[in-house]
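Protein chains in written order, with the numbering used here: chain A, 1 to 270; chain B, 1 to 318.
Zero decoy hints are in this set.
Result set (SDA-like, lysine to any residue): computed pairs, CA atoms no more than 25 Å apart in a straight line: (1) B:K20 with A:E197; (2) A:K180 with B:G77; (3) B:K318 with A:H226; (4) B:K163 with B:A229; (5) A:K180 with B:R13; (6) B:K163 with A:H177; (7) A:K155 with A:L138; (8) B:K39 with B:F117; (9) B:K20 with A:V189; (10) B:K163 with B:I136; (11) B:K20 with A:H226; (12) B:K20 with A:A179; (13) A:K192 with B:V75; (14) B:K20 with A:C224; (15) B:K318 with A:G252; (16) A:K192 with A:L214; (17) B:K318 with A:I232; (18) A:K182 with B:D196; (19) A:K204 with B:A57; (20) A:K192 with B:D295; (21) B:K20 with A:L214; (22) B:K20 with A:T230; (23) A:K204 with B:A53; (24) B:K300 with A:V255; (25) A:K180 with B:N197; (26) A:K180 with B:E193; (27) B:K63 with B:L38.
Chain B is nowhere near these chain A residues, computed Cβ spacing over 12 Å in every case: (28) N37; (29) W45; (30) R62; (31) S65; (32) Y95; (33) S106; (34) E112; (35) A156; (36) S236.
Quick look at which bits of chain B chain A covers, simulated, 3 or more residues with Cβ under 8 Å: (37) 15-24; (38) 304-314.
No lab work stands behind these hints: they were computed from the structure.
From the three backbone atoms N, C-alpha and C, an ideal C-beta is built for every residue, glycine too.
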Amino acid sequence: MRYRLLLALWLITDLLFFTGSYVLAYFLRVGWIFSSNFPLDRFLWATISAAPAWLLVLATTRTFSLTRNQQSLRNFAYLAYSALVGVAFFMLAYYFRFKGSFSGISRLLLLEELILSAGITWIWHILFDFFKRAMLRLSPPSFPTLIVGVTRESKALIESLRRNMSPFTPVAILDAHGAKEKEIHGVPVRGKLDLLEETIRREKITHMIQASGLEQTLNLLSACRHHRITYILLPSVLGIVDRDKRIEDLEGYPVTVVRPRRSEILSFFR
Amino acid sequence: MHAFILAGGFATRLWPLTEKRAKPLLPLAGEPIIDHLLKHLSWEIPITVSINAAFEASFLKWKEQEHRMNIEIIVEGSRRDDQKLGALGAVAHWITHDGITDDVFLLTGDNYCGFSFHDFLSHYTPGTPLVAAHNIGDLEKAKTYGTIIPAPDSKTIEAFEEKPLKPKSTLVSTGCSVIPAAHLPLLVEFARERPDNVGGIFEEFLRRGIPVEFRAYTEPWFDIGSFEAYLEANRALVGEKLLTGKETVCEKTETHGTVVLGRNSVVRDSTLSNVILFEHCTVEDCVLEDCVLDDHCSLKGIDLNGQMLREGTVLTRK
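Next up, chain A with everything else stripped away, as it sits in the complex:
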């Protein structure tokens, strides 16, 4: 419920900021006056018409996903792409509604709309993400997460989730073979997988991250399916470490692709 309210608030504020950035671009071009040659109400009509379409495109980039880091370059690329599509929607809306008077729409205005909507949305997303993470981690956490496997990778992950205030809050750890540690970064190690059902029920687990125990993957997936839990697999379980990996589509089949690590910019072209 908390997450849904935050998401609704995020979507509404995004629409407001999109509209606000366009209005700002308008005044920067026209000056801080209400022009009769290029009326604000027409401009506003086209902006408000384009906003939902822009938001829809933005959503398809999965920028609102819980796993998305809003500060990443990749995320900014998606926001910029959506902003560009937003400008196109604005032009189309304006043209079809007011094709008799297209004057006032200058190239510079469109450029400013693009830069301002992309920049303001990115800044707002970063700020809202901080707020959202803090809200989702308030006790009881919105997304209690079970970690399966005590490994160096899982220890680093738990520390990273804590440091970055991830909405995924580790609340318990299980290990297929048992572990000596009683807790890792404050998260209790409950025991072996025979406590899986009990832990899922008691901690009201919403997400499970598998960090070891490849031989039990099917059974963990089965438990997740049964309890409607989101399952996440660390690539290190498959021996994939320190390479560029992602899930892609190969002729209709979802596949995990691992490539030699290259720069972030080049990754867009592969």
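We have chain A; now place chain B onto it with these hints.
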């Protein structure tokens, strides 16, 4: 004589098959492992089964279906692996709590013993501890078990060695033994220090100069502690054939090696090699090898190798 069956383990290595049932209740060649022990045991001997609280429901259900009336189930309070009393601790607790004064026939609930208990008990000398040994016939294999070094008289034990690097004997301890009533106080005392060391009590007897006898067998014996051991035990008991339970359906299916289909299971258009299906499973258009499927699993269009699937797993290729 009173039989005491140790069944209080949590069998975490056999998870998920032991998620809802204890290891002694796993089906072996179509019936629970513990039933294989019981059918070798004289009807006159009263039986106490020591279990943990986590599997109480499954044992009570099993007991309801048993025909023997002289079975008592005692429940340890532990619900987790790290809370259990320990095997010897459970025996000691029962002896003191119930004031046992009989000779105790001690059995491990997750072991399959192919030899006759009647024969074993007929070799019991009153007052002398007796251990059943299995001749594994291979020094290399003996490295993973507790071995028995026989004395020159071939009747008493000279020493025990736990998982020796260089075994001196191919006789391994089976978890089947008799402890005379006279030595129960010593067992209770020893259990206070080493509650998890069942084999240790016989070493303690030897240390205190109490002779321990053994009886060696070559009949099949399995310590079912892992997935591989479980499959091997089924292979050895069932043989290279298809074993079907009540109301099973097996159509257009190729089977290789040992295949066991539990009650109400349905298999169609599939290839199964060394596969055990528990009850109410459905397998269609699958290729399975070395797999064990718990109750109510449903697989369609899937190829699997070397997997144990938890109860209710549904895998369907769309």
